[in-house]
Amino acid sequence: MLRLTRSAKIGLGTIVGVVLVFMYIPLSLVVLNSFNAARIATWPVTDFSVDWWVVAFTSEPIRAALLNSIVVGLGATVLALVLGTLTAFALQRYSFFGKQTVNLLIVLPIALPGIVTGVALSNTYNNILEPIGIQIGYFGMIVAHATFCMVMVFNNVLARLRRMSPNLQEASMDLGAGLWQTFKLITFPQFRTAFVAGGLLAFALSFDEVVVTIFTAPPGVDTLPLWIMNQMARPNEASVVNVVATVIILASFIPVYVSQRLSRAEEED
Amino acid sequence: MTSTVPRVTTPGQGRVQPAGRKPLSTRLHRSPRLRLLGLLALPLTWLVGVYIFSLVMLLVTAFWRTDPFTSKVIPGFTLDNFVRLVENPAYLSTSLRTLSIALLVTLLSVMFSIPLGIFMAKVASPWLRAFLAVAITLPLWAGYLVKILAMRITFTENGFFNSALEPLGLSGPGFSYTTVVLTLTYLWFPYMALPVYTAVRQIPANLFDASADLGARSWTTIRTVVVPLLKPALIAGSIFTFSLSLGDYLAAKFVGGSTQMIGSVIASNINLNPPIAAAFSVVPIVFVLVYLFAVRKTGALDRM
Numbered sequence: 001m002l003r004l005t006r007s008a009k010i011g012l013g014t015i016v017g018v019v020l021v022f023m024y025i026p027l028s029l030v031v032l033n034s035f036n037a038a039r040i041a042t043w044p045v046t047d048f049s050v051d052w053w054v055v056a057f058t059s060e061p062i063r064a065a066l067l068n069s070i071v072v073g074l075g076a077t078v079l080a081l082v083l084g085t086l087t088a089f090a091l092q093r094y095s096f097f098g099k100q101t102v103n104l105l106i107v108l109p110i111a112l113p114g115i116v117t118g119v120a121l122s123n124t125y126n127n128i129l130e131p132i133g134i135q136i137g138y139f140g141m142i143v144a145h146a147t148f149c150m151v152m153v154f155n156n157v158l159a160r161l162r163r164m165s166p167n168l169q170e171a172s173m174d175l176g177a178g179l180w181q182t183f184k185l186i187t188f189p190q191f192r193t194a195f196v197a198g199g200l201l202a203f204a205l206s207f208d209e210v211v212v213t214i215f216t217a218p219p220g221v222d223t224l225p226l227w228i229m230n231q232m233a234r235p236n237e238a239s240v241v242n243v244v245a246t247v248i249i250l251a252s253f254i255p256v257y258v259s260q261r262l263s264r265a266e267e268e269d
Numbered sequence: 001m002t003s004t005v006p007r008v009t010t011p012g013q014g015r016v017q018p019a020g021r022k023p024l025s026t027r028l029h030r031s032p033r034l035r036l037l038g039l040l041a042l043p044l045t046w047l048v049g050v051y052i053f054s055l056v057m058l059l060v061t062a063f064w065r066t067d068p069f070t071s072k073v074i075p076g077f078t079l080d081n082f083v084r085l086v087e088n089p090a091y092l093s094t095s096l097r098t099l100s101i102a103l104l105v106t107l108l109s110v111m112f113s114i115p116l117g118i119f120m121a122k123v124a125s126p127w128l129r130a131f132l133a134v135a136i137t138l139p140l141w142a143g144y145l146v147k148i149l150a151m152r153i154t155f156t157e158n159g160f161f162n163s164a165l166e167p168l169g170l171s172g173p174g175f176s177y178t179t180v181v182l183t184l185t186y187l188w189f190p191y192m193a194l195p196v197y198t199a200v201r202q203i204p205a206n207l208f209d210a211s212a213d214l215g216a217r218s219w220t221t222i223r224t225v226v227v228p229l230l231k232p233a234l235i236a237g238s239i240f241t242f243s244l245s246l247g248d249y250l251a252a253k254f255v256g257g258s259t260q261m262i263g264s265v266i267a268s269n270i271n272l273n274p275p276i277a278a279a280f281s282v283v284p285i286v287f288v289l290v291y292l293f294a295v296r297k298t299g300a301l302d303r304m
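The listed protein sequences derive, respectively, from chains A and B.
Going by the numbering used here, the residue at position 58 of the first sequence is 58; the numbering climbs one at a time, nothing skipped.
Going by the numbering used here, the residue at position 135 of the second sequence is 135; the numbering climbs one at a time, nothing skipped.
To be clear, the hints were calculated from the coordinates, so they are not data collected in a lab.
It is possible that some hints are incorrect.
[Unchecked claim] Partial chain A-side listing against chain B, Cβ under 8 Å, derived:
id	residue
1	3
2	19
3	27
4	30
5	33
6	120
7	204
8	208
9	225
10	241
11	248
For each residue, glycine too, the CB sits at the ideal point set by N, CA and C.
Model the full assembly from the supplied sequences, consistent with the hints where possible.
Structure (structure tokens):
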């Protein structure tokens, strides 16, 4: 055990306290300001009201933006699940020339700045596909999101495959099961939790993404982050943006809860 | 396999339904090469055909030029855009400023992650440890723009931070370079803190005993035993803090005042002068690739 003096423990504890204060004061200010009656965020908050909550829940643009975020997120997640899992199997099961390159290739979309990915894809959509008559529109956003979401599924599935014993699969094949049957009954159940976790991460990543979306969203289409950004860019951002932000903060308890459950399920596996 | 003998279906035999799949399954089973091809065909088509193709096309644009009068892009080959990046002092200082921001964010994240990791893994009770793990993870999910908005509210002119400092006769950084660094640290800190915490937990307890038995005090143990063992985790975390900060421009836009980053210049030029935007987007790519190649040998990439 690491033996620390009392003063060292107090020093460490103080730093942890500072980190927590630094992390949570700004978020609390957002929550507080969602109940601010004033038009813009102020300090101190003098008048409280729930008016902005009513405005937010009846707003058509917010509802449309939320719907877009969900559609794009689900589309990107499905694509990322297929592509990420295929790549994870290829890299874990086989040794081949260029394996390192494929590994680098799948990490690249998330390692390179979002603006580069966004600008590169929008260049392809607008200056190459459009002139030859292909209007990619809404689907372009899903393609862009799937590209950087893939690595989330890949990482999770790969980590699980590394821990799986190939014996069960060989036994299944020896007993006469085909490739598909073995995959469905033996292999998939073994990496199911990692598959679900990867899918969740991919959805969360897509739901939160804004920079790539700025450049790939078709005109007039807002995702929720785009809507927030446009509100923030106005000189007097209305307090309604704080309501949406508060809902997102509250919603972040869901993935934390699910990931705790998943990691517990994983320990029991 | 039960059906090692390949089935031959002659037209006259009629359709053999369940066996319809078997030949493919059998062929796949026998040929690892075919299986690998089947696995990689779709992902590689996607990554190379969509992503790498787009990156290459962007790079090609960097060698084109814009007609100053019609602002139309003219294909060709010129290095003018790259020359301008180096010769124009505004562009050069933007690159250096962005690099310094990314390095400062990484440094701050390291400085706070190590004590936090040690406290969580070695000092905190199991309950407090679980609480802190959730407390550090939660903001990770709270939304990128939500956190920028939160920092904007905190540091705005008449906001919380300035009000808190007012009794002391001080005023906060407002919207500036400093606030950009703080905001980016706020955004990417969990990406450093979580791997560092996991790494501290994995250090075998007997190493601490050995260090203490040999007479090292706590500070010496941390410096000479803990920190060197954290190196892979620190590198893995720094890939996130460094590259995510390097490419960011919304923090600069919303809490930076007049602070410009590489991303700001790319975003403001992409419609007016695509070639210069394309040339400028090479800068973060080079920074990130140099960094990735430098750390690849440490095996940190496998942890991402």
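Interface hint for residue 120 (chain A), Cβ within 8 Å of any Cβ on chain B:
holds (4 Å)
With 8 Å as the cut and Cβ atoms as the points, is residue 204 (chain A) at the interface with chain B?
Where the cut-off is 8 Å and the nearest Cβ of chain B is about 6 Å from residue 204 (chain A), the hint holds.
Would the stated hint for residue 33 (chain A) survive a check requiring a Cβ distance to chain B of less than 8 Å?
holds (6 Å)
Close enough to count: is the Cβ of residue 208 (chain A) nearer than 8 Å to one in chain B?
holds (5 Å)
Can we keep the residue 241 (chain A) interface hint, with Cβ of chain B closer than 8 Å?
For residue 241 (chain A), the interface hint holds, since the closest Cβ of chain B sits about 7 Å away, which is under 8 Å.
Minimum beta-carbon distance criterion (8 Å), residue 27 (chain A) to chain B
holds (5 Å)
Interface hint check: residue 248 (chain A), Cβ to nearest Cβ on chain B, cutoff 8 Å. Holds or violated?
holds (4 Å)
Interface restraint verdict for residue 19 (chain A) against chain B (beta-carbon cut-off 8 Å):
holds (6 Å)
Using the nearest Cβ pair, does residue 225 (chain A) come within less than 8 Å of chain B?
holds (5 Å)
Taking the closest Cβ pair, is residue 30 (chain A) under 8 Å from chain B?
At 5 Å from the nearest chain B Cβ, residue 30 (chain A) passes the 8 Å test, so the hint holds.
Mind checking the CB of residue 3 (chain A) against every CB in chain B and telling me if the closest is under 8 Å?
holds (5 Å)
The structure fails none of the hints (numbered hints given earlier).
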